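K.L.:
Take a look at the letters that make up each chain.
Number of protein chains: 6
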Amino acid sequence: MITRFDRLAMEFPPPSDPDPDGASVVQELLGGKFGEMSTFMNYTFQSFNFRSRQVARPFFDLVSNIAAEEFGHIEVVATCINSMMTGASPLSGVEPKDTPMGALKSTRNAQMYIAGGHGALCADSMGNPWTGANVFSSGDLIEDLTHNYFLETGARSQKLRVYETVDHPAARALTGYLLIRGGVHQVAYARALEHLTGARLDKLFPSPRIATDKIPECKPYIKAGEHTKLYRFSSSDYQELAAVWNGKHPETGDKLVVVDTPPEGFVPTDLPAQPAGWAPDYAPEEIAEIAKKLRAAAGLGDEPTGEVIVPPKRRARKAAKKS
Amino acid sequence: MITRFDRLAMEFPPPSDPDPDGASVVQELLGGKFGEMSTFMNYTFQSFNFRSRQVARPFFDLVSNIAAEEFGHIEVVATCINSMMTGASPLSGVEPKDTPMGALKSTRNAQMYIAGGHGALCADSMGNPWTGANVFSSGDLIEDLTHNYFLETGARSQKLRVYETVDHPAARALTGYLLIRGGVHQVAYARALEHLTGARLDKLFPSPRIATDKIPECKPYIKAGEHTKLYRFSSSDYQELAAVWNGKHPETGDKLVVVDTPPEGFVPTDLPAQPAGWAPDYAPEEIAEIAKKLRAAAGLGDEPTGEVIVPPKRRARKAAKKS
Amino acid sequence: MITRFDRLAMEFPPPSDPDPDGASVVQELLGGKFGEMSTFMNYTFQSFNFRSRQVARPFFDLVSNIAAEEFGHIEVVATCINSMMTGASPLSGVEPKDTPMGALKSTRNAQMYIAGGHGALCADSMGNPWTGANVFSSGDLIEDLTHNYFLETGARSQKLRVYETVDHPAARALTGYLLIRGGVHQVAYARALEHLTGARLDKLFPSPRIATDKIPECKPYIKAGEHTKLYRFSSSDYQELAAVWNGKHPETGDKLVVVDTPPEGFVPTDLPAQPAGWAPDYAPEEIAEIAKKLRAAAGLGDEPTGEVIVPPKRRARKAAKKS
Amino acid sequence: MITRFDRLAMEFPPPSDPDPDGASVVQELLGGKFGEMSTFMNYTFQSFNFRSRQVARPFFDLVSNIAAEEFGHIEVVATCINSMMTGASPLSGVEPKDTPMGALKSTRNAQMYIAGGHGALCADSMGNPWTGANVFSSGDLIEDLTHNYFLETGARSQKLRVYETVDHPAARALTGYLLIRGGVHQVAYARALEHLTGARLDKLFPSPRIATDKIPECKPYIKAGEHTKLYRFSSSDYQELAAVWNGKHPETGDKLVVVDTPPEGFVPTDLPAQPAGWAPDYAPEEIAEIAKKLRAAAGLGDEPTGEVIVPPKRRARKAAKKS
Amino acid sequence: MITRFDRLAMEFPPPSDPDPDGASVVQELLGGKFGEMSTFMNYTFQSFNFRSRQVARPFFDLVSNIAAEEFGHIEVVATCINSMMTGASPLSGVEPKDTPMGALKSTRNAQMYIAGGHGALCADSMGNPWTGANVFSSGDLIEDLTHNYFLETGARSQKLRVYETVDHPAARALTGYLLIRGGVHQVAYARALEHLTGARLDKLFPSPRIATDKIPECKPYIKAGEHTKLYRFSSSDYQELAAVWNGKHPETGDKLVVVDTPPEGFVPTDLPAQPAGWAPDYAPEEIAEIAKKLRAAAGLGDEPTGEVIVPPKRRARKAAKKS
Amino acid sequence: MITRFDRLAMEFPPPSDPDPDGASVVQELLGGKFGEMSTFMNYTFQSFNFRSRQVARPFFDLVSNIAAEEFGHIEVVATCINSMMTGASPLSGVEPKDTPMGALKSTRNAQMYIAGGHGALCADSMGNPWTGANVFSSGDLIEDLTHNYFLETGARSQKLRVYETVDHPAARALTGYLLIRGGVHQVAYARALEHLTGARLDKLFPSPRIATDKIPECKPYIKAGEHTKLYRFSSSDYQELAAVWNGKHPETGDKLVVVDTPPEGFVPTDLPAQPAGWAPDYAPEEIAEIAKKLRAAAGLGDEPTGEVIVPPKRRARKAAKKS
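Chains as they are written, first to last, in the working numbering: chain A, 15 to 337; chain B, 15 to 337; chain C, 15 to 337; chain D, 15 to 337; chain E, 15 to 337; chain F, 15 to 337.
Calculated directly from the structure, the hints in this document are not laboratory data.
Possibly wrong hints are sitting among the right ones.
Which copy? The list can't say, so a pair holds if one copy fits it or any two copies do.
What the hints assert, rightly or not - Simulated pairs of lysine to aspartate or glutamate, DMTMM-like, Cα-Cα distance not exceeding 20 Å:
(1) Lys243 / Glu208
(2) Lys119 / Asp31
(3) Lys111 / Asp227
(4) Lys228 / Glu109
All of these numbers come straight from a predicted model, not from anything done at the bench.
Make a model of the complete structure from these sequences and hints.
P.N.:
Structure below.
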């Protein structure tokens, strides 16, 4: 089982100009063969299908724990896409007959705004849905780890290529972060294989052949040592991470460390409604009113209990209207 | 983000006779259009794509929180399938040339033992991979809730039909549990719609038209009031559940209650290795030895830290070997 | 547009012993690449996409009209499958806990009874859904006709092979009928190509190389001249069929004739409820009562207005109950 | 079985400027998960698989009859797409080496002009083929109706979003019409559920939360009462519609009425040939000549029997050429 | 088995301006339903599955041999796409943070540069992967040949349409060549059918209805008689081609001839590295150095043994840099 | 380009008892994610997309050459499947009405005999078509080689599992052979990675963790040194194999050697006609006669030119008939 907490694994810049085509490309990192849905579901199914796990506990713990971190990764890619779609149609003053989504007509992915509400799809950059065929769970431990090392390598390559294609601030922040954390998982699976077989895989790094310290958006994370840390995403279990995650980082030589808690995370931004996209409604005021009443009736107080960041642009616009 | 804890949402009987065809049918509840992958991913994506969530906080909290419970549901279906596959080939004394998996040749799903290691696939009962096309996330709150009510209805129907088809103890335990918890989600989405629109949906229940109290495996859960409880799968967030989950259960009239913690859960069984399936290896002893050394080197002690149930049959065999 | 009438294109024997695996094979004729969904949708889309149709009226009329007949063909294949699934679980006295669908567990297509209610799927014999990729509509008239000739050839071949595999009376009746009517369409497209290009295709027949007069279930249709008739499935349009459908049948030498009305058809059998399959419900009596009241309220009389055949076995049971 | 008549369910404006990207978006309404292929095939398969239909006659009649109307809906969406593709390459004077389809190279859907002849595909707005996996036919009547209500809700939402994205006159005419007729079906399934369960669903309307009277292209239909009429698409059957379709419209309060015939319909426009698209040929004159001879030989007269509208632009061009 | 030789079936112009959208359209000829993957795999599987081949030797030899030529066709389409992608991002001086692939963001197929390295995909023009469902291999000889004739007809049509859409020199060279060679295969299958059945198919030609002598890029091939030649792609087998490939060309009346060797072919161009696409690496110099050492160690000499054309532009750029 | 020669890469036992379910499982090795279609197409596309190949010649030659060998592997898997399907319906004396394929009705893969003629499909063990999504061709050399090493590892694992499931002599011969040759490719890609990065991967072997010398069907190949040989499948090109394929075998320590020619191969068996499967026809005698005449007319002599093995059982039957 899991528990969930409403914090993002990384910090995003506030929503800026919309970039629907950029968002459609970022989808590859969510629902592509090497996207975060794939890493999340591969490790999750491998943990479910793990036989004789007591005997191989350090490896079971490693795979199970990385799976948990990957949930946070699908979350941030989806968040990034939503942020990039924000403002792709007007944020207010919408009249259907004025073709408020007309600017989207020739963009690459029509389902982001026809099927979805200016949001993320469970699909890749070509609109092909993510498929369970992307899950590899052979049951053979060495084979699964070999797969996982390869998967992270491919994922890293695609993050770099998206980075080179899309310069939207949210996409850059995302890929900078994911390159570092994906790199941690790549090293982790290489280490696991080394422990099990004695093969020395460290010279495979970096793969692809570019060090993340050349990527400006990666640098702060490297400085903070994020490339050396494996967080334990459990308060009770997966303690044997340390039996695998040890030694030195193959690229930097830094010591690998286990952090015994999940990261604190960042408060999510409350992205504004997109009325032309009926998200969450054409005129969300009615929902607001109902929510307020329900909250009161349940003794939860007048104000929403959740913590969010209200994006600055929206506040500005509100102010403008008032004057 | 999530944290994970190594407990199952329900208790399974110990592994008994294998039932590969039964397991292939149970796959529908994992990777079918109405399987738990679909419920998990629908609510997860809806929570990611939720705009103006502060304004609609009770509903955001509801969807986000149910998503978290659904992770535990894909986990128990996968566990059930693994349990049903246990022993489908000999647990020891395997010689490849003796065709140790010959008994599986005419079973329905060859990929459970050729691609997987006697384990669960991210696919349905026909071996078709689960697809992201099953995710509905329109952004429109009322529409998403309408979908979710329908999805739970279809899921419930398929659980009943699997129940009527497969009498393996693990499958019966699973479907008994899921009928109750799926029923909770079905009610939750109906309640949410009622709050938002005023429509009275309570007379739609039960749907399908059979009360769970006619299902023996459901009764203990009903007795324990599990049909009335919505657990909060977070220690910090999703507090506004109570603004939606209130009033009376449409079938039993019992009061709906929020439980402010996740359920405690059940220790998982450590399913035995399947050497013919190379899961986790043809001869896992070597892994055991390496794991032991790594654990020691990491200062984690001699014994595995994880808590598991060792299945009785296996214990028996160990005893037999000793004598 | 269409109008619909509740008659089947052919007569079926009354439901007999169930044959779930046979039914799963017959699915190929419904949702396979060469199944009736493909013929129906190919000609339908070709008629929708037909440019300059006034100029090429005889060919537009031909394709449009055959499309209409094909609806009747998906209907009879689906009817056949339903008939073969009838009785696959008990028709009455169902207790879920007694595993009433247990006999279906190892049959080939689990979705016929888990997703469906002992009914037909929009899928092929392997459970792969029919796909719009099967529609060929190039807009080029000669190319479309070449395709259609090939499609009917492949369809005919598969009908024969299903005939050779499944001896259930409903399947035999179905394939006997479809071989004849599919043959008519195969000839029609060959004739159209001959008219347009002058190529003499008649020697391609029969294709596959077996005359239908060797198939007992085909003989009555040949005797009735069904292999020579093209029905006009419209009371107002598609009159230029006769400009294409003329000359002699390439196999028998009989004169080809246009029948200016659709065939009269056969009253469908009202297949019994399958309570374990919740079709139409676990206990359909409630529905019956509601329907009766609604009918009365609408001034439609006490008895259902539809004409159906009540299958003999069921009548027997009714009688038994009364006594 | 069906009969077909060559009339469209709605009236289109004459072909105007081509809009290939707009057409690619409209494809969602044809072959998307919530497109007309889905509504048509869902209700069609539900009618085929309907067990104990005599007992539940009003509901069988409702589903069967709406299925028949949906054929007319796939027809008008396909017609709309063809109209929007008209002129996307030159209508005459085509030389392949001059790259006559060069303007299409960067448009969204290459298969509309490479695989098709400037026509509609059986696919969605991303070029993914429609799939039989979109058919839901559980056999359980209440469950099927719940699905159908949800399907119409999703379909309506997507029609609105296409309306907001594409302002081509044909697309606007189409969505205006479909919103009204889809709305009728949405109400019909809600009414059926209400009759069967007693649940009051009327307050769910409108869903999505915008009344069609705010859409200019809907207004004439509302004025004509089209939102209250359920046509009977059969001269002989499905008479028990009136047992379900009664009471008041949940949005307008108008009385719901059954029209005992199909609508008269509109004469289709004969869209011009697209010679660069080889539709129906590179030089269709030869076809015209052959057709004429065949018609004469069959005693059908010199002129085509079909009734079509010749699009004005084309007439103009002809005139221009003559002078 | 096969042997491979590093020559292309046709000559390409040197890489010129990149055309990513054009390349995305050309993908239809590689991985579309009628692309070269389909022709290659259809004939290959038909040859594998050919029963009683000694009895039907001329036809087995024909199909097997054309399969071999088709490998050369997937090779040239892939080469064309690579050529068209060359230069789509800078060929040197790449800095990831400068968004070197930014110009690709709104192009049609993101996977050509995110998943691939500015290369060809095994997919169609919409990014849908080629599928084995495109393989038709019924085992029935006449049916397979009917299919093959139709497949070549559709393939020819799509080549023409791509020709009309994309005027990039590489695409034009490709389609000119393929129209001629595809035409040979179209005739070959028609001839085979004629020999087997006596049906006279020659009047079906040309199909589509445009003679290749109207296509400038086809003319040199016609002049060289390429439309009349069937090459034998084997030094030992498939000698009975001549029993089928004889008589006159249905369009030109020229004598059909068997050439008893494969064509000599053309030296491939060594397309330059795309460092932003990490193809073959971000900084390929290291690879060059390693390769050199390995070559020396293996006694293969200092220079690469392969023969390639170095594209002129690149040479020029090198020169420019030196000065 | 390629040339083809009609020899198989390995020797099969003569056709024996049919094993349709076994054949359906063997399909995984043809069209599964790790089947030979995948290895063939991965390396083929990687060779097509290889940029700067002169600079990286040893690696280009390696990948291109292994691609060529893989064609021979799809050929032997397809041959194996055909052999296992031989006799699944009667070889003579077929009457359609006697349900000659009735014994196949409940077998796993209906399309092997309904769509195909008792032959191999381009699909996996669940009947899901092979898909181009299985092709990985990133353009990044190290990444592609990492993939290839992993692909061969997965392929090897699945061969072992098929070996353990199916004991049909043809399947055993096949898997014994493929384990050895797949092992060569696995080593080759590991060697390539080692050369490029310096990483020592040899300790990963064997993977899966069982030496092939424990598999009886592998032993003769090991004895013959087949595990150490890389054949050059070209008479002119790919000479730089030796720059990569050198050093010692990681499992046996034997010296790795390049064989400068393809293997000689084995004469294929001419599998008998399956008349109920219409392969190559219901009554192939007519084809035989036509072939003979065509051969004579082409001056090719009276007897077929191809060399085949006539399976013993068939000879026996012939003899029986004569007496």
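K.L.:
Run every hint past the structure and note whether it holds.
P.N.:
Hint-by-hint comparison with the structure:
1. Lys243 / Glu208: Within one copy, since 19 Å is at most 20 Å while 28 Å is not.
2. Lys119 / Asp31: both (18 Å within a copy, 16 Å between copies)
3. Lys111 / Asp227: between (50 Å within a copy, 12 Å between copies)
4. Lys228 / Glu109: Close across copies (9 Å), not inside one copy (47 Å); limit 20 Å.
Of the hints listed earlier, there is not a single one the structure fails to meet.
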